[in-house]
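Work out the full structure: start from the sequences and follow the hints.
In full-length UniProt numbering, the protein residues as written are 1 to 142.
Derived from the structure by calculation, the hints contain no laboratory data.
In this text, a Cβ means the ideal position worked out from N, Cα and C, and glycines have one as well.
Mixed in with the good hints there might be a few duds.
The calculated lysine-lysine pairs, modelled on DSSO-like cross-linking and capped at a C-alpha distance of 30 Å, are [what the hints assert, rightly or not]:
#1 122 to 90
#2 122 to 81
#3 74 to 90
#4 122 to 74
What follows is a set of in silico ranges between Cβ atoms, one per label pair, in the way DEER data are often shown [what the hints assert, rightly or not]:
#5 115 to 40: 39 to 49 Å
#6 114 to 33: 49 to 59 Å
#7 94 to 9: 19 to 29 Å
#8 21 to 108: 17 to 27 Å
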Amino acid sequence: MDQLDRRIIAALQHNARASTTQIAARLGVARTTVHERIRRMEDAGVIAGYSVVLGRADDTPRVQVVVLLEVQQKETARIIKRLEAYPEVKLCLSINGEFDLLLSAEAPRIEDLDILVDELAKIPGVLRTNTSVVFGRRIDRN
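Structure below.
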C-alpha cells in the first residue's frame, strides 16, 4: 500500500458510496487508476467490505460507558461469546495490563448501563470490573 492507496481508503471511509469518478477528481488522478486500485485492494483483502452506519434520531440521547474487565484467561473466548448477546456492548477490545478486555457500551439511560455492568460482573470467569462514564467525544473517526 502506498500513499495513494491510503488516500483512496480515507475517501471511501468518509463516503463509501462515492463514485470512482468523484474520488478520482478529489485526489487528482484518473478514474481508471482509482477503480483498479480499489479492485486490487479488495482482491488482496485490504478492503474487506462496505457497511451501513445507522443514524440515530437527535431526540434519542445515549449514555456511554467504558468497562474494563479482568477475566480468567481460559474463559476469555466464552466470555466474549456471552458479551455478543448484549446489544448495549458496541465494542470489545482485548488489552494488556491490569485488565484484559475493554468494552464500550451505550444505552438510553444510565440506569440501563448500571444493570448491564451488574450482569457483566456475574458472568462466570469475570473477576472484576471497572467502569467509567463518557462525558464527551473529543475525536471520533467512526
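Going through the hints against the structure:
| no. | hint | in the structure |
| --- | --- | --- |
| 1 | 122 to 90 | holds (19 Å) |
| 2 | 122 to 81 | holds (15 Å) |
| 3 | 74 to 90 | holds (23 Å) |
| 4 | 122 to 74 | holds (17 Å) |
| 5 | 115 to 40: 39 to 49 Å | holds (48 Å) |
| 6 | 114 to 33: 49 to 59 Å | holds (53 Å) |
| 7 | 94 to 9: 19 to 29 Å | holds (24 Å) |
| 8 | 21 to 108: 17 to 27 Å | violated (41 Å) |
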